[in-house]
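Position chain X against the provided structure of chain G, taking the given hints into account.
Protein chains in written order, with my numbering: chain G, 1 to 293; chain X, 1001 to 1424.
None of these hints come from the bench; they were simulated from the model.
You may find that some hints are simply not true.
As the list claims (entries may be wrong) - Far from chain X, by Cβ distances over 12 Å, these chain G residues were calculated:
no., residue
1, Val28
2, Ile32
3, Gln33
4, Pro112
5, Leu115
6, Val214
7, Tyr234
8, Leu272
9, Gln283
10, Leu287
11, Arg288
To be verified - Computed beta-carbon distance windows for the label pairs:
no., chain 1, residue 1, chain 2, residue 2, range
12, G, Phe163, X, Glu1326, 51 to 59 Å
13, G, Phe163, X, Ala1119, 54 to 62 Å
14, X, Gln1361, G, Leu60, 40 to 48 Å
Claimed, not checked - Cut-off 20 Å, straight-line C-alpha distance, at most; resulting in silico cross-link-like pairs (SDA-like, lysine to any residue):
no., chain 1, residue 1, chain 2, residue 2
15, X, Lys1073, X, Leu1111
16, X, Lys1181, X, Val1236
17, G, Lys41, X, Gly1422
18, X, Lys1318, G, Lys41
Just so you know, even glycine gets a beta-carbon here, dropped at the ideal spot from N, CA and C.
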Amino acid sequence: MLRDKRSEYLTALILVGPFVVIYGVLFVWPTIQMALLSFTKAPLIGPGEWVGWDNYVKILSHKLFHSAFWNTAYFVLLTVIPNTLVSLAIALAVNRLKGWQQGFVLACFFLPYILPVSVVFLTWNWIIDVQYGLVQYVVRLFNGGQPLSLTRTIPLFMPSVAFVTIWWTLGFNVLLFIAGLRSISPEIYEAASLDSAGRWRQFTRITWPLIWPVTALVLTIQLIAQLKIFDQVYLFSIGGRQDATIVLVQYVYKLAFQQNKGGEAATAAMLLFGMIIILSVLQYQLLRARGQK
Amino acid sequence: MLKSLKRLALVSSAFLALAAGAHAQQNVVWWDFLAGGDGVRMKALIDGFNAEHQGEIQIQGTTLEWGTPFYTKLQTSAAIGEGPDIATYHLSRIPLAVDSGTLSEITDEDLAGAGISDADFTAAASDAGKVDGTRYAVPFDQHGLILYYNKDMLGEAGLLDANGLPTGLDGLENFDAVLAKFTGDGKYGISTPTGDRYRTIYSLFGQQGGTMFDEAAGGFFPTDEDLAKLTTAIEVVKGWVDKGYTPVQVESPAALALFTSGQAPFFIMGNWEVPTFVDLHAKGELFEWGAVELPTLFENKAAWSDSHAFVIPANAGKEADPAKREAVMKVIAWMDQHSLDWAGAGHIPAFNAVRESAEFQALKPQSDYAGFADTAVFDPRTILAGPAAPLGDAWSNFINPATTGEIEPADAAAQMRDDLNGQL
Chain G
1 MLRDKRSEYL TALILVGPFV VIYGVLFVWP TIQMALLSFT KAPLIGPGEW VGWDNYVKIL
61 SHKLFHSAFW NTAYFVLLTV IPNTLVSLAI ALAVNRLKGW QQGFVLACFF LPYILPVSVV
121 FLTWNWIIDV QYGLVQYVVR LFNGGQPLSL TRTIPLFMPS VAFVTIWWTL GFNVLLFIAG
181 LRSISPEIYE AASLDSAGRW RQFTRITWPL IWPVTALVLT IQLIAQLKIF DQVYLFSIGG
241 RQDATIVLVQ YVYKLAFQQN KGGEAATAAM LLFGMIIILS VLQYQLLRAR GQK
Chain X
1001 MLKSLKRLAL VSSAFLALAA GAHAQQNVVW WDFLAGGDGV RMKALIDGFN AEHQGEIQIQ
1061 GTTLEWGTPF YTKLQTSAAI GEGPDIATYH LSRIPLAVDS GTLSEITDED LAGAGISDAD
1121 FTAAASDAGK VDGTRYAVPF DQHGLILYYN KDMLGEAGLL DANGLPTGLD GLENFDAVLA
1181 KFTGDGKYGI STPTGDRYRT IYSLFGQQGG TMFDEAAGGF FPTDEDLAKL TTAIEVVKGW
1241 VDKGYTPVQV ESPAALALFT SGQAPFFIMG NWEVPTFVDL HAKGELFEWG AVELPTLFEN
1301 KAAWSDSHAF VIPANAGKEA DPAKREAVMK VIAWMDQHSL DWAGAGHIPA FNAVRESAEF
1361 QALKPQSDYA GFADTAVFDP RTILAGPAAP LGDAWSNFIN PATTGEIEPA DAAAQMRDDL
1421 NGQL
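The following block holds chain G by itself, in its conformation from the complex (with noise of 0.2 Å):
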């Protein structure tokens, strides 16, 4: 008995040994260093002076930070719940679908997903070019005739950079819903549509309570993400008013490459991880309350 339980710890130890080894070298240890990097005075690279919380009260009152705050709050508002409710939308749709349509569809959704960021945003730099975009011709009806830059008119950078993210990142999403659908028994829905239950209700009684779980996941992983931007507004903004529309990474990404404050850069990071980790407890605690409703 005592000889089973031990050969199952070992088991246990085997298999997750590895993880929690590559887990503490690679993120536990930095994290940490980190943290202690974010006390100090200290350039990029070298050693730094201890100075506690000052750092903390500089950046947390520094205006850049603020703004930078709010630009990406508004990102994380602009594209996850519309991310999430368009996805839903599309894989009840692609759902109906059969056979190689269904494969066709999807496939046409997940594309721009297994691209790169790079090659997404330069594309679309092209196509919404104020001279010569395709975009353009669009705009042009609604302003008068006039072109108007979308990257550098400071009210419809946002808009525009959560449109083309949520393009490009929702094929993954229709994925994971067209999954969550699959396990859900046909024969649940046959039994309710013997009970005259309409496709609305069918779908707020039996669909929605059943994806709710995969809900919960895209909600969390797109809040993560999008917290994180950084790639897509930094090719955006190239050549434009870059702290207009500087979102919390770009930020870091400032203060330690181009300013050379590895302390400041530290303290903005630990921040961020803290929001983030704050806005994911909560968010689970939120969605795990609505789960067992």
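Using the frame of chain G, we list chain X on its own:
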């Protein structure tokens, strides 16, 4: 069996001999950020050097991405002793590089060992490579803002002199009148990319004799007069936008296309676009074109300028190797002595002997605008300057948008000053 053993012995001794030969040869690891026409010409120079120095010195070149990625990688790799033996650099960024300890000093003996000295370069260029009298860079070229023009369009309008050079462009009112003449029917007087207008503005600021930075006098734009000059410069370019001489919003590639498609007779851009036009013209896809110094719209001649230079990273923890250093200095001297090929990329060679040579004087349009090198306005000597540094950010955050009407010119100037002074 014996025969094959013998063959094996022969082959391996041949390999050993090769390896021994390779050992005597110095391999110089080289990083640059040169793409496009610049990159092609630099690769040709490297190949030329390697061919000439086989068995002695070989350059192993790598091209990295221009701007922050290049400078960050160089800084971090030098800090851990993994940097290259030689790298290209912008002279405007030297103060920042020295502040972060990225570069190794280049002594007078280093230069003398390679047969060159400060006297081979203009004083402005060799001074820009020094911080507090210590040399950290050897200049390679000078590049800056110039005025490209469409000879056909200007000829029709009677604006060319007997040598095919534009006339009557100097002075604010004259230049505006010329631009107005070409504007209309979907055409523009001048093409200026929105993201690059600050360079024009900095040039016009220099033409008024403005001071951008003076540490002793209080930092950036030290007097109200300097701020007013910056405002005036912004207003000139904003005026071009307001009067429709140039599109409000136009990205760099499209701005280039406006010129090459004949929709605008003038194009203000750095001299690095010269190869683009040379190549297009050679293919028969471009009209007759030329390039000259920027017109003088205020009191003095002036144009924004910077320099490409060579530096030796201070690789931390790595033993200094005199033989390697000698090889690196040989590379630098050879590149400068052969910089006539580099002038093909539109740049003005920093090496006096090349710039003053008959071959360079015969090079058109390079020699038509080479004069800007003498009246150039460089970025100020501060750790905030240089491409992809806070100064560049401030230009694009405040000054470019002021030309499109997002910020009032005077406010933009004041915001830029405050932003930069806040970072000192």
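Checked hints:
Under the 12 Å C-beta cut-off, the non-interface status given to G/Val28 relative to chain X holds; the minimum distance is some 23 Å. Under the 12 Å C-beta cut-off, the non-interface status given to G/Ile32 relative to chain X holds; the minimum distance is some 21 Å. The non-interface label for G/Gln33 is consistent with chain X: the shortest C-beta to C-beta separation is roughly 15 Å, beyond 12 Å. Distance check on G/Pro112: its Cβ is at least 23 Å (rounded) from any Cβ of chain X, clearing the 12 Å threshold; non-interface status holds.
The beta carbon of G/Leu115 sits about 19 Å from the closest Cβ of chain X, which is more than 12 Å, so the claim that it is off the interface holds. Every CB of chain X lies more than 12 Å from the CB of G/Val214, the least distance being 38 Å, so the non-interface label holds. Not every Cβ of chain X is farther than 12 Å from the Cβ of G/Tyr234; the closest lies at roughly 10 Å, contradicting the non-interface assignment. The non-interface label for G/Leu272 is consistent with chain X: the shortest C-beta to C-beta separation is roughly 20 Å, beyond 12 Å.
At roughly 34 Å from the closest C-beta of chain X, the C-beta of G/Gln283 stays outside 12 Å, upholding its exclusion from the interface. A cut-off of 12 Å between C-beta atoms confirms that G/Leu287 is not in contact with chain X; the least separation is 39 Å. Distance check for G/Arg288 against chain X: the nearest CB is about 42 Å away, which clears 12 Å, and the non-interface claim stands. Restraint check, G/Phe163 to X/Glu1326: a C-beta distance of roughly 57 Å satisfies the suggested window 51 to 59 Å.
Checked against the hint of 54 to 62 Å, the pair G/Phe163 and X/Ala1119 passes, with Cβ atoms roughly 59 Å apart. For X/Gln1361 and G/Leu60, the hinted distance range of 40 to 48 Å is not satisfied, since their beta carbons lie about 60 Å from each other. For the proposed pair X/Lys1073 and X/Leu1111, the alpha carbon gap of about 27 Å is over 20 Å, so the pair is violated. Restraint check: the Cα-Cα separation between X/Lys1181 and X/Val1236 comes to about 17 Å, which is no more than 20 Å; the hinted pair holds.
Our distance criterion of 20 Å between C-alpha atoms is met by G/Lys41 and X/Gly1422, whose separation comes to about 18 Å. The suggested pairing of X/Lys1318 with G/Lys41 is violated, with an alpha-carbon distance near 26 Å, which exceeds 20 Å.
Checked against the numbered hints given earlier, this structure breaks hints 7, 14, 15, 18; the rest are met.
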